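2 protein chains.
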Amino acid sequence: MTDLWNITETSFEPKRLRHFETALTQGNGYLGTRATFDEYYPGEQRTTFVHGVFDDVPVVFTHLVNFPDWTALDITLAGERFSLAEGTPLDYHRELNLRNGLLTRSLRWESPHGLITKLEFSRFTSLADQHLMCQRVFITPENYSGKIQVVSRLDAGTDTMRYQQWRWLDQGVENGLIWLKLRTLATNIEAAMAQKVLFKGGIEAEIATPDIVKMPSISATCQADVGQTLWFEKFTSLYTSRDCDNPKSEALTGLAHLENDPWDAAFTANAQAWEKEWDRCDVVIEGDDEAQLALRFSIYHLLIAAPRHDERVNIGAKTLSGYGYHGHSFWDTEIFMLPLFTFTRPEIARNLLSYRYHNLPGAHEKAWEGGFQGAQFPWESAGDGREVTPTWVPNHADRKSLIRIWTGDLEIHISSDIAFAIIQYWRLSQDDTFMAERGAEVILDSAKFWASRLEWDPQTEQYHLSDVIGPDEYHEHVDDNAYTNYLVRWHMHTAVAVAEWLKTYNAQAASDLFTRLSIDEQTFANWATMADQIFCPQENGGGLIEQFAGYFERTDVLASDFDPRSESVQSILGIEGANAVQVLKQPDVLMLMYLLPELFTPETIQANYDYYTPRTDLTFGSSLGPSIQAILATRVGNQEDAYENFMRAARADIEDVRGNARDGIHGASAGGLWQAAVFGFGGLHIEDDRWYIQPHLPAHLKRLQFKFMWRGEEQVVDIRAEEE
Amino acid sequence: MTDLWNITETSFEPKRLRHFETALTQGNGYLGTRATFDEYYPGEQRTTFVHGVFDDVPVVFTHLVNFPDWTALDITLAGERFSLAEGTPLDYHRELNLRNGLLTRSLRWESPHGLITKLEFSRFTSLADQHLMCQRVFITPENYSGKIQVVSRLDAGTDTMRYQQWRWLDQGVENGLIWLKLRTLATNIEAAMAQKVLFKGGIEAEIATPDIVKMPSISATCQADVGQTLWFEKFTSLYTSRDCDNPKSEALTGLAHLENDPWDAAFTANAQAWEKEWDRCDVVIEGDDEAQLALRFSIYHLLIAAPRHDERVNIGAKTLSGYGYHGHSFWDTEIFMLPLFTFTRPEIARNLLSYRYHNLPGAHEKAWEGGFQGAQFPWESAGDGREVTPTWVPNHADRKSLIRIWTGDLEIHISSDIAFAIIQYWRLSQDDTFMAERGAEVILDSAKFWASRLEWDPQTEQYHLSDVIGPDEYHEHVDDNAYTNYLVRWHMHTAVAVAEWLKTYNAQAASDLFTRLSIDEQTFANWATMADQIFCPQENGGGLIEQFAGYFERTDVLASDFDPRSESVQSILGIEGANAVQVLKQPDVLMLMYLLPELFTPETIQANYDYYTPRTDLTFGSSLGPSIQAILATRVGNQEDAYENFMRAARADIEDVRGNARDGIHGASAGGLWQAAVFGFGGLHIEDDRWYIQPHLPAHLKRLQFKFMWRGEEQVVDIRAEEE
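One line per chain: the protein sequences are A and B, in this order. Take the first sequence: its position 29, counted from the start at 1, is 59 in our numbering, and no numbers get skipped. Take the second sequence: its position 504, counted from the start at 1, is 534 in our numbering, and no numbers get skipped.
Simulated from the structure, these hints should not be mistaken for laboratory data.
Calculated pairs, BS3-like style, for lysine-lysine (alpha carbon to alpha carbon, straight line, at most 30 Å): (1) A:K177 - B:K177; (2) B:K211 - A:K148; (3) A:K230 - A:K148.
Here are some, though not all, of the chain A residues that point toward chain B, as calculated from beta-carbon distances under 10 Å: (4) E69; (5) A238; (6) R429.
Values in this document were obtained by computation on a predicted structure and should not be read as measured data. Here a beta-carbon is modelled for each residue, glycine too, at the ideal position from N, C-alpha and C.
With these hints in hand, go ahead and build the complete structure from the sequences.
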């Protein structure tokens with residue numbers, strides 16, 4: 031029977047190195063560490079990212095900074111350097127326990143000279159103390175006695191996609207601890223790390239702490255007899271000036287008060303913290319082990335990326351697990367990942383939404399640069415909430431030309447996506463304090479942006495939004511994207527309602543806010559009128575909503591016309607080519623029908639599902655597509671499509687079906703998978719004052735259980751298939 | 031009295047760190063190492079470049095790769111890390127001996143705790159064995175006894191302008207030696223370094239060689255009594271797969287056979303090699319110590335950058351001494367630096383010219399990409415001779431726009447500059463073998479390019495070259511630049527003459543070459559006709575040659591109109607602004623008159639000198655300007671201008687008058703300074719079968735002595751001012 035809590039690797043495969051580094055990433059909502067090995071291998075991406083620690087880079091403006099690695103151990107066994115690149119690994123087993131975040135590796139290694147050593151490595155990033163990382167190693171020579179040397183270190187020379195972003199400040203050795211102090215080059219964030227190694231089990235080791243500049247090290251040498259086990263534990267602490275005033279002293283203190291059996295104490299605290307998380311967030315699936323494991327894997331990866339003590343950071347599209355999208359955040363957070371937190375961990379959802387509130391200045395800057403008013407949220411956002419979508423990227427086919435990336439200019443729907451997520455959070459939590467202090471401001475300030483952005487056409491007497499990109503990014507520079515226009519209409523009406531509510535809830539706060547934003551009753555009246563005048567495409571004769579003006583005139587081809595294939599339709603046709611045909615990168619009109627179902631009849635949803643589904647590149651288009659498609663499939667009662675797309679999302683990172691898991695976890699797909707389970711299979715619906723379920727379990731599922739928070743109270747939904 | 035062979039620094043000045051790193055750079059024509067300190071300082075650029083070892087980088091395509099540093103020493107004195115950033119330096123003295131390449135530093139350091147230690151450091155990169163680098167250190171505790179720890183290491187984590195370009199391959203410890211094997215990421219050049227530390231003078235040191243991955247280290251700890259001197263010598267070897275098949279074994283062997291007193295033996299060999307160089311290349315100036323020292327400084331920097339055993343590398347605009355221009359080579363080599371070698375070290379000139387011959391494929395590619403025939407040499411050239419001028423660079427003022435660099439497209443005169451340098455080398459050396467085997471091919475193949483590039487105008491019945499950049503880069507997209515058109519005419523006539531000569535010299539070689547290039551007698555006849563029909567602007571009424579079509583219609587301002595200033599006229603006016611006025615970045619028409627003086631009467635030269643000089647930005651325009659301006663000044667008998675511009679070039683790097691010496695030595699200015707001394711003050715002229723001098727010594731000079739090779743024979747010119 032498959033273990034439903036463990037991701038395992040049973041052989042050392044250098045070619046899948048980076049895929050497993052991503053999949054087995056550990057973290058605690060403060061930092062994330064890719065699962066590179068203790069020892070070095072070519073092609074590895076040895077990476078620890080810390081939320082909010084960005085620095086400037088060329089082309090993509092800003093990048094999460096790779097921290098000095100805390101895991102490295104150079105082990106020399108009787109003169110031979112331990113590396114699986116040489117010799118033979120025996121009984122290799124690596125495993126990530128999703129339930130408690132522990133990563134273990136055990137193996138026996140036969141060296142090139144025939145010496146056999148048993149090695150067992152464990153490590154975790156503590157969920158109980160987000161600044162603490164722990165390792166434990168057992169080394170047993172099986173057929174020889176000899177000298178064993180272990181070197182641990184803090185390496186200031188680490189790189190971020192080959193770029194060095196640290197300025198070394200200082201380092202030292204104190205009471206057997208080594209420490210290192212650094213600062214990012216452009217953003218001037220100071221970081222300090224300390225490290226300590228404890229030798230256990232009675233073997234006498236000779237310890238040295240050479241003060242090598244930029245690489246303080248701890249080196250231990252001992253003599254081990256055949257069968258004797260060398261056992262040591264290693265602890266690393268990490269603080270930055272984003273968390274505290276004096277990262278160095280915090281890092282030292284963090285290790286100084288470790289107790290007698292620090293590993294046991296730290297691990298117990300970590301496991302307890304994890305237990306609490308799973309108690310809130312687990313979704314039980316019976317009857318499909320693959321689906322069960324994949325869903326837990328997805329929830330795990332969102333939990334380790336979720337900031338628990340910081341409301342000025344967001345989750346990047348690839349979480350903290352890889353270099354894809356440089357740590358930048360998109361609508362992926364609000365629309366795909368956030369519902370898991372909104373429904374199970376509202377404290378975390380509040381932190382993530384507060385990030386947008388704190389970064390209103392960046393949104394003002396973006397609106398102002400475009401000649402607009404209010405707050406326009408950036409398509410890609412990082413440390414300071416400014417727009418950081420790359421504008422020009424190299425064209426490897428032609429040295430003299432560059433490729434213009436338009437999403438930062440044109441994919442404007444994100445401002446309404448954020449408003450939508452705030453309303454969803456508010457509806458679930460009834461957190462009026464947040465709404466009054468932060469949520470309302472974000473919604474009103476971005477409504478102000480829309481009022482300045484909408485284009486009045488005296489011919490049609492309607493407002494339009496021309497030259498945009500909708501969720502379907504295969505089509506750039508389009509006019510009146512249905513998703514965008516409907517969301518903006520919803521947003522402006524909602525803003526008026528929120529203003530009304532705020533006046534009632536706290537008249538003084540309302541007055542202060544309206545003054546600050548220079549808005550008044552006349553503004554709200556205008557917004558309501560404008561919202562009604564926004565052109566929102568209606569059903570044509572066949573019941574279809576046109577994705578954007580002129581979409582139906584594009585060449586009509588289906589995604590399957592390009593099968594078999596192993597790349598996206600855009601890769602095959604090129605940017606211009608894909609723009610000219612109807613194939614979508616991901617659901618667009620259907621996405622609208624998912625978010626605002628009350629606006630559409632079941633017949634309309636069915637008609638649009640039937641039309642757009644075969645035209646959507648669900649295999650190699652956007653990884654955001656399959657989970658949403660699965661939910662829509664349950665809405666129209668198509669069990670087969672629903673399960674197929676659910677599993678497509680489920681396998682994105684575990685099976686690496688898109689071939690890019692090496693770049694990091696597909697955070698939106700992971701969040702979408704939870705939504706597909708809960709809103710799709712579970713059929714959870716929320717109305718203003720109540721929730722209800724309309725389950726659509728795939729036929730082979732025996733049980734689906736999930737929990738969520740409804741206005742401060744935990745709700746448990748346990749759906750069991752009827753006995754056959 | 032000033033020492034005329036030493037560049038000295040008498041205080042530790044953190045603000046001038048990078049300037050002195052450049053100025054005191056050491057090298058041997060194989061590698062160059064900036065003069066960072068043994069110990070680390072913030073803001074330093076710890077750099078060793080090796081000729082020909084480039085790797086890919088964004089924006090500027092390719093960059094010389096920074097090698098693992100061989101100089102680093104982390105010294106801990108009785109528990110305090112030695113660093114001048116703390117405590118007090120006493121009796122500080124650093125000195126580069128230009129005569130033998132030795133860099134020494136002596137000081138007494140009072141630690142924060144009041145411990146005083148005398149330290150003496152020496153190092154050199156051997157000119158006798160280009161793969162060997164040597165260091166010697168003496169450490170004497172003056173007022174305490176205590177533990178002294180020294181750590182030396184090879185660091186694979188080194189960066190190139192923050193970019194990591196090395197893939198670690200392997201490392202080890204063998205017989206007390208540490209070694210490291212690496213490979214560049216894109217260009218796949220393998221490199222190996224080995225290092226050894228010898229303790230001398232009888233102090234017992236405890237040596238450890240921790241096998242830290244990516245940073246093999248040698249750590250030595252000893253107890254020194256007050257007044258006792260710890261003395262050690264350190265040797266590093268470096269080989270790459272460009273030099274040999276097995277860099278690792280060569281690096282190990284290179285250190286294995288060091289003799290009993292390796293420092294003494296290695297230094298003696300190095301000093302002897304330097305003596306030979308200076309015997310050939312020194313220029314003696316009496317009566318002006320500053321000029322004397324600056325000239326030797328310039329010659330030194332060209333000698334340490336000059337490839338002696340490699341004909342597939344060139345010298346970058348900033349030699350091997352800094353990051354400016356990324357190690358790329360320009361016409362700076364052929365027109366500014368090469369004459370020193372052509373006249374004093376023809377073997378080196380031959381290597382440098384052979385680089386162009388070997389890289390004809392890159393020149394074919396460039397011509398082909400532009401739709402032309404033959405060989406068009408790239409404006410910027412690096413490892414493989416392809417065009418590597420950046421095309422688009424970031425615009426820091428506007429995130430959404432980029433700046434287009436046009437020199438790679440338009441500054442086409444370099445193909446004729448190379449032809450000019452070949453003819454100059456041939457004329458001096460009479461190296462017919464080189465000419466027949468390589469030189470002729472370069473000249474003819476690039477003449478083929480010109481024949482396809484020239485534009486026929488049926489109106490004027492002349493050939494034109496439109497949309498170019500001449501030597502004066504303030505003016506882009508100009509038509510019929512006088513310098514370019516005259517040089518091309520000269521080039522095509524010369525090509526015809528070279529073809530004629532080759533037929534006589536070696537009929538078979540000529541026939542083979544003509545077949546290979548698909549050229550024949552008809553081609554030569556066409557070239558001769560075309561050359562005569564190239565539009566070459568003639569004197570106007572005032573005796574002036576117009577720099578390009580329409581130049582005289584640009585707004586007429588003088589460079590001095592912008593004084594006082596500390597930046598270039600282009601920085602003040604912007605790219606478009608500078609393009610609109612007459613101010614030049616550097617001599618252009620005057621440059622033409624320098625290279626092809628036989629085409630112009632003294633009166634014409636005088637008229638153009640008078641017109642263009644006040645319009646040339648000699649202070650903050652191109653660093654290539656002053657030396658040429660100095661020579662032209664001697665031609666028109668203007669002693670004052672000549673000396674002023676000579677000293678302007680002389681001070682570029684020693685005094686850092688342009689504020690950018692930190693980016694590396696201005697190689698063209700250094701080479702131009704030698705030309706200004708020899709061709710300007712010395713008045714050396716070369717005609718087809720003879721040489722003669724027309725000295726123009728500044729009034730205060732007592733003596734100018736230089737040597738050069740004339741057809742295999744050394745010539746000594748010793749000019750002494752008449753007694754007053």
